[in-house]
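Engineer: Sequence:
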Amino acid sequence: MDRASRAIRRSGARLKALNGGHADLNLVISELRDIRLAMKSFLTAQNAVAQDMVLWAQADENRIIQDVMAQLAELNALWTDIQKDFVEHLKTFRHQFELILEGERQVDHSRSALAACEQKELRIKKELKRAAKKATVEEISNLELKLAQAERAKDLAQFETLEKVQEHEAVKLIRLKQGLLQLSDAYLSLANKGALLFEAQREIAAHMPDVPPHSALHDFKYTGSGAMKQAVQRAKDRVEQYHCYQYRLIPHCPSVGELVAVAAAQSLST
1 MDRASRAIRR SGARLKALNG GHADLNLVIS ELRDIRLAMK SFLTAQNAVA QDMVLWAQAD
61 ENRIIQDVMA QLAELNALWT DIQKDFVEHL KTFRHQFELI LEGERQVDHS RSALAACEQK
121 ELRIKKELKR AAKKATVEEI SNLELKLAQA ERAKDLAQFE TLEKVQEHEA VKLIRLKQGL
181 LQLSDAYLSL ANKGALLFEA QREIAAHMPD VPPHSALHDF KYTGSGAMKQ AVQRAKDRVE
241 QYHCYQYRLI PHCPSVGELV AVAAAQSLST
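Its first residue numbered 1, the sequence shown is counted upward by one per residue in UniProt numbering.
Hints may contain errors.
What the hints assert, rightly or not - Simulated pairs of lysine-lysine, DSSO-like, Cα-Cα distance not exceeding 27 Å:
#: 1; residue 1: Lys154; residue 2: Lys164
#: 2; residue 1: Lys84; residue 2: Lys146
#: 3; residue 1: Lys177; residue 2: Lys164
#: 4; residue 1: Lys120; residue 2: Lys146
#: 5; residue 1: Lys91; residue 2: Lys172
#: 6; residue 1: Lys120; residue 2: Lys154
#: 7; residue 1: Lys236; residue 2: Lys40
#: 8; residue 1: Lys154; residue 2: Lys177
#: 9; residue 1: Lys133; residue 2: Lys146
#: 10; residue 1: Lys40; residue 2: Lys177
#: 11; residue 1: Lys154; residue 2: Lys125
#: 12; residue 1: Lys229; residue 2: Lys91
#: 13; residue 1: Lys146; residue 2: Lys134
#: 14; residue 1: Lys229; residue 2: Lys84
#: 15; residue 1: Lys40; residue 2: Lys84
#: 16; residue 1: Lys236; residue 2: Lys84
#: 17; residue 1: Lys133; residue 2: Lys120
#: 18; residue 1: Lys164; residue 2: Lys120
#: 19; residue 1: Lys91; residue 2: Lys125
#: 20; residue 1: Lys126; residue 2: Lys154
#: 21; residue 1: Lys129; residue 2: Lys146
#: 22; residue 1: Lys154; residue 2: Lys91
#: 23; residue 1: Lys91; residue 2: Lys40
#: 24; residue 1: Lys120; residue 2: Lys91
#: 25; residue 1: Lys154; residue 2: Lys129
To be clear, the hints were calculated from the coordinates, so they are not data collected in a lab.
Modelling step: build the complete structure from the supplied sequences, incorporating the hints.
Structural biologist: Right under this line is the structure:
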């Protein structure tokens, strides 16, 4: 079904391009729109799962599971906001290509105007050639004047077209560079903020007790609640303080201060 829908959208983009040209550029714009829609659908499904997990935990009598799911719900809410920001960056990136397409159309308009001037000049030259045999001096003079005007119009159109092409190629590079830089920063932000959140999720999972085989839940003491909440708060603080030029590409290693804080929280819980 997805393949069929995608084929229909690609066909629509190609049909749209038949009128104005630039089929490949139209496809890029169309598929960037598809990516954004797919991410929004993924976000909806992801949130539905997170909400269902919370409902499942609330209906369960296991306090540890309830605690874990409550903390994960907070992380998921923040993760959703981060992904929504990224989706908006995809829209901005697509808009750069829409602006490039608009520039291409302006160049096409200039080239069409130049072609019309060239056709007019050629037509007057043919008329002047035919008139040389039977037209009056005044008629020939009028045609020569029209030809001179047509030649000047053509020269002006050539200059404007060349200027438009050069300007558009420069602007195209500027827009593409700007778009790629912004999209790269958006991907880095998504990846690194995600790393911060899923480090916290992993820490929450690590604080879940290891249950020996054949043991009852009431046989041991659960002490991870405070540490889980601290993990979520640290993740929130780090995301809030995140700067795209201070990203890291390796998993976060807790500082000595953070390890001491975790140990202290566990000690207090005990």
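Engineer: Taking the hints in turn, state whether each one holds.
Structural biologist: Hints versus structure:
Straight-line distance between C-alpha atoms of Lys154 and Lys164 comes to about 15 Å, which keeps the hinted pair within the 27 Å bound. As the CA atoms of Lys84 and Lys146 are separated by approximately 61 Å, the hinted pair breaks the 27 Å bound. Restraint check for Lys177 and Lys164: satisfied, since their Cα atoms lie roughly 20 Å apart, inside the 27 Å limit. For the given pair, Lys120 sits about 10 Å from Lys146 by alpha-carbon distance, which is consistent with the 27 Å threshold.
Note on Lys91 and Lys172: the hinted pairing holds, with a Cα-Cα distance of about 18 Å set against a maximum of 27 Å. Between the alpha carbons of Lys120 and Lys154 the distance comes to roughly 9 Å, so the proposed pair stays at or under 27 Å and holds. The hinted pair formed by Lys236 and Lys40 meets the criterion: a straight-line CA distance of about 23 Å does not exceed 27 Å. A C-alpha spacing of about 34 Å is found between Lys154 and Lys177, which places the hinted pair above 27 Å, so the restraint is violated.
Of the supplied pair hints, the one linking Lys133 and Lys146 holds, its CA atoms being roughly 18 Å apart against a limit of 27 Å. With a C-alpha separation of about 26 Å, the suggested pairing of Lys40 with Lys177 holds against the 27 Å cut-off. Annotation: proposed proximity of Lys154 to Lys125 holds, straight-line Cα distance about 13 Å (limit 27 Å). About 35 Å separates the Cα atoms of Lys229 and Lys91, which puts this hinted pair outside 27 Å; it is violated.
The suggested pairing of Lys146 with Lys134 holds, with an alpha-carbon distance near 18 Å, which does not exceed 27 Å. Under the criterion of a C-alpha separation no larger than 27 Å, the hint pairing Lys229 with Lys84 is consistent with the structure, at around 24 Å. At roughly 8 Å between alpha-carbon atoms, Lys40 and Lys84 fall within 27 Å of each other, so this suggested pair holds. Distance check on the hinted pair: Lys236 and Lys84 sit about 16 Å apart at the alpha-carbon level, within 27 Å; holds.
Proximity of Lys133 to Lys120 is assessed by CA-CA distance (about 21 Å); at most 27 Å being required, the pair is judged to hold. Taking the CA atoms of Lys164 and Lys120, the gap is near 21 Å; set against the 27 Å cutoff, the hint holds. About 51 Å separates the Cα atoms of Lys91 and Lys125, which puts this hinted pair outside 27 Å; it is violated. Pair hint Lys126 plus Lys154 holds up; C-alpha atoms about 16 Å apart against a cutoff of 27 Å.
Simply put, Lys129 and Lys146 have alpha-carbon atoms about 13 Å apart, close enough for the 27 Å limit, and the pair holds. Restraint check for Lys154 and Lys91: not satisfied, since their Cα atoms lie roughly 40 Å apart, outside the 27 Å limit. As the CA atoms of Lys91 and Lys40 are separated by approximately 12 Å, the hinted pair is consistent with the 27 Å bound. For the given pair, Lys120 sits about 43 Å from Lys91 by alpha-carbon distance, which is inconsistent with the 27 Å threshold.
With a C-alpha separation of about 19 Å, the suggested pairing of Lys154 with Lys129 holds against the 27 Å cut-off.
Violation of the numbered hints given earlier is confined to hints 2, 8, 12, 19, 22 and 24; the remaining hints are satisfied by the structure.
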